[in-house]
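Student: Going down the list, the sequences are from chains A and B.
One point on numbering: in this note's numbering, the residue at position 77 of the first sequence is 77, and numbering is uninterrupted.
One point on numbering: in this note's numbering, the residue at position 278 of the second sequence is 278, and numbering is uninterrupted.
Hints listed in this document are in silico derivations from the structure and should not be mistaken for laboratory results.
Since this is a predicted model, take the numbers as computed values, not measurements.
Among the clues, some could well be false.
Stated by the list, open to error - Below, simulated BS3-like cross-link-like pairs (lysine-lysine); rule was C-alpha separation at most 27 Å, straight line:
(1) A:315 to B:237
(2) A:206 to A:7
(3) B:90 to A:86
(4) B:202 to B:90
(5) B:28 to B:237
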Amino acid sequence: METGTKKPYQVISRKAFLDLMGRLMKEKRVMGPRGRPDQPGFHYFDWVDDPEALTMDYTTTTLPPKKAFFPPTETLLTFTLGNPPKVSESWLEDPFVLVGVHPCDLSAIEALDRAYAYPPPDRRWQHNRKRATIIGVDCLPDSYCFCESLGISQARRPCDLFLTPIRRGYFVEIYSPSGEQMLNQGECSEAGPRDFRDVLDWHQKKRGRFTTRLDANADELANILEMGDFSEIWEDIASRCYSCGSCNTTCPACFCFNMEDDFDWTLNSGVRRRTWDSCQLVDFAIVAGEHNFRGERRDRVRHRWHRKFLYLYRKFGRSYCTGCGRCSRACTADINIADETNRIISAFRKGTGNA
Amino acid sequence: MPEIKSAEQKPPYYPSYFPDLARIVRIKQEVMDAVIELEMAGGRPLGHMPGQFVQVSMFGYGEIPISVCSPPGRAERFKLCVRPVGRVSKALHEAAEGDWVGIRGPFGRGFPVEIMEGRDILLAAGGIGLAPLRSLVQYLRDHREAYGRIILVYGARNPSLILFKEDVDTWCRDPSMEMYVTVDEADESWTGRTGVLTGPIKEEIEISPVQTMAAVVGPPVMYRFVAAELLAKGMSKRKIYFSLERHFKCGIGKCGHCQLNGIYVCQDGPVFRYSDLVGLSEAVEAWAPE
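Between the sequences and the hints, there should be enough to build the whole structure, so can you do that?
Tutor: Right, here's the structure in full:
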């Protein structure tokens, strides 16, 4: 911190945190994790107006918090036909707070910041990002998580405040002036030696909990995919895959989309929307005349792995998998991204996956 | 030698996917296709180069990418050749003069007209591939002195499906152009060549491989065979340019629909050197699915 009234490390009690959230909720909208009423034990990001509804100690959510900036369906413009037609752009302006974001999902937001900032930048993503203040929270992994293997388990960017659960409540790291400003509205105190020890204990506990690991780091993995020929593995994954697209829709770092128009009931006006899309769906790469450039399921499976770990790694300098494990949890055919990736790594090392 | 310049005014990039309006000035019905002449609202030039494409909106139906088939700099209007194959193109095909559409673009990298200067140009078009190539042909003709030989090989399915019939006739009469038109299926009226367009390339055309650059546009299946003939003539893969077709949704390298291995066809192409495509799994293989 360059300037500020507070030291960068603060402690806030759980009650004071909820009070702070309550105060924020009166000022602006707050999106955070809460229990799914339809599926007890599962969580989702939603607009919350009662601080008690926030569940800060969740494992993961079904959909990633990228939906706060890049909604599953987003209105781009509205039109009314005429001579000439009236077309107006549709933007959301209200500022909001996104609270309870895990390191993997923070890292995914950073991944999309990079991808959408590549010239020419996507102004819609950037606009929505500017509307938000982000409060991250640390977590403990479950059996699907492997963020540590990708170097993401300690990710903090791009948050304004980051919380780690400790005995006195939350240890708060301040990452931006607007985060500090927000924290100033709550009751907090400076962190002491005991709090720092608590944080280290938490990190140690977190590290000890990972049961899923990748057998290569992101850089090696990109090289392996580039040099090897894994047609048999793609074929095998494809034989189980249903091409349902669940992996893409639950991925925090996927950012492909479709655009479509819709008339309203007047048949004279309507909207253009952009919606999430999935490269695993059969018609994703189809062009006029029914030429399909990835008509085979194995090619689509291969494309997904390459895009996550090779193409975008080369283009943007980081993996586009964060190890959150959502795709493995959501897969209708129980295809586990970590297990399959390890199979690829081991096939390459044994020489069976070599071109 | 006339001055050849890229579009002076940098075209807008449309980073929020919001289109500008353009009015349909004229529609000319070709056999299956409609050639639509458009004028941007406010009369600004489109600022495109041959081989670039625009995203065309029919509000309520959607948006599709279409190559511009007119050259830059002739007038502040531009033409699109529309074949009614999908929802949006059918709606566009049925539009009337005076109707409005949305336009984003131009996008992509077109043909390297500056690098082509002083060289012989071999153009090969299959079917509707003549539409994007027409922009280049007319550009070359507009700057005739800057280029060497202009050889155009055009293959259509049958004589009635010859696109831009008037242009093709004009070009055939032009002594400064070498024209090779062939049809797959001849009818009684046809006295010209029959067979696929690799025929004339192989048997009739003599080129200096060092002096020549090739521009090829056609259905996916065509590229591999044309490439084989050009390589057999001693041409380098670096001098053969292909224009690839993908279903661009955004046009600015974001939506992922056109991704071909590590590249985005909309931004890095749609015009590529053959040498840059060799080895990309979804470029060459998919062209000839045997």
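Student: Would the hint linking residue 28 (chain B) and residue 237 (chain B) be met if the CA-CA limit is 27 Å?
Tutor: Violated, because 37 Å separates the two Cα atoms, which is more than 27 Å.
Student: Could you grab the alpha-carbon distance between residue 315 (chain A) and residue 237 (chain B) and see if it respects the 27 Å cut-off?
Tutor: 25 Å, holds
Student: Run the distance test for residue 90 (chain B) versus residue 86 (chain A): straight-line Cα separation, threshold 27 Å.
Tutor: With Cα atoms ~22 Å apart, residue 90 (chain B) and residue 86 (chain A) stay inside 27 Å; holds.
Student: Does the alpha-carbon distance linking residue 206 (chain A) and residue 7 (chain A) stay inside the 27 Å limit?
Tutor: 26 Å, holds
Student: Within 27 Å, alpha carbon to alpha carbon, are residue 202 (chain B) and residue 90 (chain B)?
Tutor: Distance ~37 Å between residue 202 (chain B) and residue 90 (chain B) Cα, so the pair is violated.
Hints 4, 5 from the list above are not met by this structure, while the remaining hints are.
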